[in-house]
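**Student:** Chain B: place on chain A using the hints.
Top line first, the protein sequences correspond to chains A and B.
All letters in the first sequence, in the order written, are residues 533 to 686 by our numbering.
All letters in the second sequence, in the order written, are residues 3 to 118 by our numbering.
Certain hints may be false.
Unchecked claim - Here are the computed lysine-lysine pairs in the DSSO-like style, where the Cα-Cα straight-line distance is at most 30 Å:
no.	chain 1	residue 1	chain 2	residue 2
1	B	Lys50	A	Lys539
2	A	Lys638	A	Lys591
3	A	Lys544	B	Lys80
4	A	Lys638	B	Lys112
5	A	Lys539	A	Lys626
6	A	Lys567	B	Lys112
7	A	Lys598	A	Lys567
8	B	Lys80	A	Lys598
9	B	Lys50	B	Lys80
10	A	Lys591	B	Lys112
11	A	Lys626	A	Lys567
None of these hints come from the bench; they were simulated from the model.
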Amino acid sequence: MDDRIEKRIELKAPISRVWRALTDYREFGEWFGVKLDGPFVVDEVTRGQITHPGYEHIKWEGLVQKMEPERLFSFTWPHPKSLEKKGYPQDYSKEPRTLVEFRLEKTADGTLLVVTESGFKKLPGDRQHESFRRNEGGWTEQMKNIENYVARKS
Amino acid sequence: MSHESRNSLAGKRRTHALVFTALGDPTRLSLVAKLCTGTPRSISQLTKHSNLTRQAITKHLRVLESAGIVHSVRAGRKSLFKFNLEPIAELREYLDFVSEQWDQALFRLKAFVESK
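Next up, chain A with everything else stripped away, as it sits in the complex (with noise of 0.2 Å):
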């Protein structure tokens, strides 16, 4: 049985655009949702608390793998059993970990992105998900404060 994810995703701008989106820790966090305390490094743990309205309490923790500019970005991060806050572990450094692949490769008009995730078999089979599916429209609504965001930006 399929052991991992891979997403790919087109995207309209240069290699070194999606490079920082990526690997700056302000600006990964600003798409994905997360306030981090500090850069990447390589085999260092960067954490955070992700911002999404109703998960705040939910702690963001990646241990950096690999850095090869413009090509590579990859960490490993922790699948806690449950996202609500009754149970939801204060200590993360039992809890199992899948690994996280973003490949950049460079197209005619932008960017391929792949990102994989793998390491699924590892997990534990008690991942409370369904509580945080329950709230999906807390990450639709999300999802829209960025648009509006970026949008201001721009």
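**Tutor:** What follows is chain B alone, placed relative to chain A:
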């Protein structure tokens, strides 16, 4: 495991890892393929047309059973194995959930890099 307990929180503490491991083997996948038509089958029926011994097939069925993918039902003196979709569906659901979060995040990324 009963249907009730699988739906309870305790029931959900069965591992996806177990399902992945159970399905990560060509013999077991072929057993699932034979059983997923919905018709319960006996060990002899499942051993037929395979190069493996009855013992080996039984062992693989036990692995599938422990992951909740198949379960056995008694039919007279024989044990029949029956396919159970639920653990696979649960795992699929979690992958779908993560996948959807990525779609949304990448949509935001696209808007972000293309408008500046």
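**Student:** Which of the numbered hints above does this structure break?
**Tutor:** Failing hints, ascending: 1, 2, 3, 8.
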